[in-house]
Each structure stands twice: as structure tokens, then as C-alpha cells.
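Top line first, the protein sequences correspond to chains A and B.
For the first sequence, the working numbering begins at 1 and goes up steadily by one.
For the second sequence, the working numbering begins at 1001 and goes up steadily by one.
For the record, the hints were derived by calculation from the structure and aren't laboratory data.
It should be emphasised that the depicted structure is a prediction, and the values quoted were computed from it without experimental measurement.
Every residue, glycine too, gets a C-beta built ideally from N, C-alpha and C.
Be aware that a few hints might be false.
Far from chain B by the CB rule (all over 12 Å, computed), these chain A residues [said to hold, decoys possible]: (1) LEU9; (2) ILE165; (3) LEU172; (4) GLU173; (5) LEU194.
Taking lysine-lysine and the DSS-like style, the derived pairs with C-alpha atoms no more than 30 Å apart in a straight line are [what the hints assert, rightly or not]: (6) LYS1104(B) to LYS1073(B); (7) LYS1106(B) to LYS167(A); (8) LYS1215(B) to LYS167(A).
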Amino acid sequence: MKGGRGSLLSVLPYALIAGALLVIPALGVLQLSFQDPATAGFTLANYARILDSYYLSIILRTVKLALLATMVELAIAFPLAYVLARAAPGPKRILTLCVMIPLMTSVVVKSLGWYILMTDDGLLSLVAQSLGVHDASLSGSTFAVVVALVEFGLPFMVLSLATAIEKIPRNLEEAALNLHASPVFVFWHVVLPLSRSGILSGFLLCFGVSASAYVIPAMLGGTKVKMAAQVVYEDVLVAFNWPGAAAVSMVLLIALSLILYISLLAGRTKNEARS
Amino acid sequence: MSRNIALELKSVVRNYGKGAVVGPIDLTVNKGEFISLLGPSGCGKTTMLRCIAGFESVDSGSVLVDGIDITKKPPHRRNIGLVFQSYALFPHLTARENVRFGLKMKNEMPKAEADGRVREVLKMVGLEHLADRYPGQLSGGQQQRVAIARSVVLNPPLLLLDEPLSNLDFKLRVQMRDELRSLQRRLGTTFIYVTHDQTEALAMSDRVVVLSQGKIAQVGTPREIYQAPANRFVADFIGAANLLKTDGIEPAPNGDVRATLESGHQLLCAGGVRTEGEHRWVAVRPESVRAFKSETSERAQNVFSVTVLSSTFCGDKFEVWVELDSTEKQSKPRLLMHLPPDQRPEHVTAVRIDPADAAIVGEEA
């Protein structure tokens, strides 16, 4: 890393805010997670509880669904982002707006929309039934949760990818074509590797957003498809077990940080790795 | 159809929006020829190159390579090399991988053979020791060589170069000019070289195509283009020519022409006479205007007494602006002349123009 005193100084305001509002409370949560709910003495029981298959399966499901949603988003977003990045300035403005508009709608409102479509006599359920899926009740299904997660995260993925694709000079694609690469090969050997930074930032954003989703699984997952944030909510507001909620939060935080760190390592370009 | 023809453009027309049109262009390029497309920016030279490479479609007319119509072929099936102005090297690949890219895509060569070929071409451009560097770690001149090697490795029958030297500094540019030319001779590949730099075009090419506003203004050898420009545009664009407006021309003995300038001066011209256009100019190169010492000769042709207006010392020469002395007040023609550095500009009182160096040109045809 380059950067002297100036660059250190420029991150100071953010470091102060993050320190005061994020790191210190997180340390508080860490301390809380080792407290006995009844006696407030030191205990590992809160973590031991998570080893229970109920909690473990929810945390595992959270990671699985978040990964799945992120992968689907990546596949859907790439062509969209490419069109957006290569559009003329006028259409680009309109397309960007179209991508942004969903972000201005509350996730509660959007989940309600999905809920209506996916109830037993909702439009999507009816379509599924007419296609021969007889016991198709979409509400409370993994499918419903993933669809809503994908819809929610898509703008983040599109914008991250488009930013990276915009930076790939057009003539690199032309040069590849000129060197006998078919359009598919141009995508595979030039556009995709050079979009790496966008794929990585899109992945991190979308994975983070999906893994911490609360409203979507709460409204569309019913009792069957619970995700981690719901467990925390229930511990805090239903069971009044704050230390238990703190332990679940810490496990989630550590698991997500690990996954993000690994993907950052994997996403380093060859150039960065060498220097 | 001759088997000697590498490229043929048949009334190629390309509209590129807002009324800008290239063509119709007719051009035949012979095998092994080094041909330059020369013109100011916006004259359509890059558009033509992109039409040949297939990045822009042709609105009408056809493009033939080796006698085969490729007008409708997509760019990745054309087998025409292109060196971009900005090099367009793949930043995520090393120099070696950049050069290997085309062979890999074409997939016609066993890997070991391809590796050997890549090594051979890198050696040819003098970069074998830098083969494993990324483009970001190479200088402009080295990137330029990688870009050329990347195209040359495929052995294309036709190589297009889009102002490849314009991003290099002056010394390197002159050196690369010679290297490119000798590379072309060695390979025997047909080169089509786009440039706005007339020195470059004259120095490197077998033939020069001068373009103006989407049309061919003149095709000829560098010598023809320089000494017998087809029209006022070519004369003006190739080297800073003096253009003197004439009132009329009349035949003179020996097939020469006597031009009467607006100022009343009479000038004998033998350096090529183009008769197209309503208005005609006498084109004289600055280096063809020579200082004349009245005591040395009694009666010489095309001698005019002048007044020096200004002079600039350029190291190897003086650039001197002079005004022809005239009894008529309204229009005194001005001439730019080059004076050897050992002479004094303030001593110039008369100039002589060799009739052979004075050409008559018309308005753009």
C-alpha cells in the first residue's frame, strides 16, 4: 500500500465514526455474549447453545441462501451491466435510473408485493399449479425467499459490475475480435477477467446484504425458512435473551467476515499479488 | 483480376452520422506495398481503416482481400491485422500472453509450436527479455512493439496500423519509423498505415493516399505527391507550401506555363500543371525559394525583388517571410522561404524560383 500521512489523515473522520458507533458497541456485544442471562457471570453457554442443530441449521441456511442469491444475481446482472456500461450517455442515464428505482422502494413494500404474488391463490402460485406443480404453495418456500433476495440485491450487483465494465476500453474488445476471438471468447478472455474488481465488490455487497436480510425471510419464509437475523430478533424481543442474541450475532459476524476475507484474497489480481 | 492485389476497395461508402460521409472510395493496394492514408483529423482515414477491419459496416460498395469479398464478414473471421493507436494491449496478460492470444484463439497450431513462434516474434521486435512483464510495466515504445508483435505473429496478409507512432516522443518516433519500414520489407506484408503526419507518410510509404473530407484527393508516390500536388488541398497539406493566387495562365515555350499573379507578377511554371477548377494557384515550396544576388547574374527567370518581413532561426535554417515588391498597392504576395544558416536574412533583396519547382494547382477536384 502506498500513502503517507495525508491519506491516513483523510480516513480519520470515518475511522472516528466507525470506531465510536461500530467497534465500541461491537465490543460491548462481544462482552455480552459471554454473560450468563440469569446471573450476569462469565459463561460459554450462549455459544454452546448455537451448536444445537436448530441454530446451526439456520446459520448454515443463511450462508447457503445468501450465496445462492448472489450467484443468481451475478448471472442475471452481467448482461444487464454490460448493456448499461456500453450505452450512449442518454440511454445510460435512463437505464441507470431504472436500476436505481427499486432501491427507493422499501424492502417491506417489495416483500409484501412478492407475498401477494406467492400466497396459495397468488398469481405465481397459480402459474406454478397450471404448469403441473400440484402442491405448489410458494409462500414459506426457499424459492420465494431466494427470488425476493435476488430482486433486492440485483441493483447493487448491476451497478458494481457496470462501474468495472465501463473502465474496460472498448478497443480491447475490438483488439480481441481482430485476433480471431469470437464474441463468446472475447467475453470469456477479456471482459470477464477485466471485470474482476466489479464482480468482487458486487459479490461482497450482495452477499452481505442477503446474509443479513431480516424482512424478506420474515415475510416470505414463514416458519420453515428462517434466517439468522430472525433468530437474533426473537432472542432480543421475544425471549428477552440478550446474551443469546449477542452470541448468535458474533458467530454470524465472524462467519461473514471470514467469507468476505477469503473472497478478497481470491479476488486479488496477479499484479497485486506480486507487488 | 491480378493475383498481385492485396486489397481492393470498390466505391466504398460509409455514413457516420450528422451528414459526415466517407467515400465513395476506390483504391487498389498491391501485395507487399506500404501505403499510407494521410489526411487531417476528421478526413475519414480511421473510418476507412475500421471498415477494412470490419468494426464498421459499409453502407455500399465492397471490400476485397486477395480477390475475395469480405464486406459482410464479421471482424474475427477477417484475418487482417490491426495495430491500435492506443495499442489496446490486454492489461491482465503478460507481453508473451498478449502475443500468444491470437494463436490461442485461432487454435490451429500445437502449443509447443505456438510457443516457439511467439518467442521468435518477440525476439524479432527485441522484447524477449521482457516477455513476462505486464503492459503496465513496459514503456510506451515497448508496448508499441508488443502491439505490433501481437498482430505480426499471426502472419496476416494485410496489416493495418492506426497512427501507431503518435503517442511516442520525437526521437523514438523517428527510430520506430525506420524499424517499421524494415520490418515490413522483411515480412513482405502489405501495410496500410494511417497517419496525419505528412513527414511520416512521405518517409515510409511506397504510395500515399491523401484524403480530404472523406474523399481521395490524390494517390501517388511520395515524390509525386510532394512535387506535383493534384490540387490546392494536397499542396497545402503536404509541407507548408506557398500558394499564390493567379489571375490567369497562358502557354509558354517548352510546354511550360506562364502564370500572372493578382499582383501583376509573372511566373514561369514547369513543375506540373493541373487544370481542374476555376481558380488556380501557383504552389512553391519554401525550400524552392532561393536568395538571389543581383551582381552574379544579369538576366535569370523568375527573379523578384523582395522585402524581408520577418525571420526565425531554426538551427538548420532560417525561416524567412518576404513580400514581393510591387507597384500595385493592394495585394503584395508573401512567400515563406528557407535560408541556409550561414546567410543573413537581412541581406536578402531578391529571390529566384526555379520554374521546375513551381506547380499550378486548382481548387480541390
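Hint-by-hint comparison with the structure:
no. : hint                     : verdict
1   : LEU9                     : 29 Å, holds
2   : ILE165                   : 14 Å, holds
3   : LEU172                   : 5 Å, violated
4   : GLU173                   : 9 Å, violated
5   : LEU194                   : 6 Å, violated
6   : LYS1104(B) to LYS1073(B) : 21 Å, holds
7   : LYS1106(B) to LYS167(A)  : 27 Å, holds
8   : LYS1215(B) to LYS167(A)  : 35 Å, violated
Consistency note: the structure conflicts with the earlier hints numbered 3, 4, 5 and 8.
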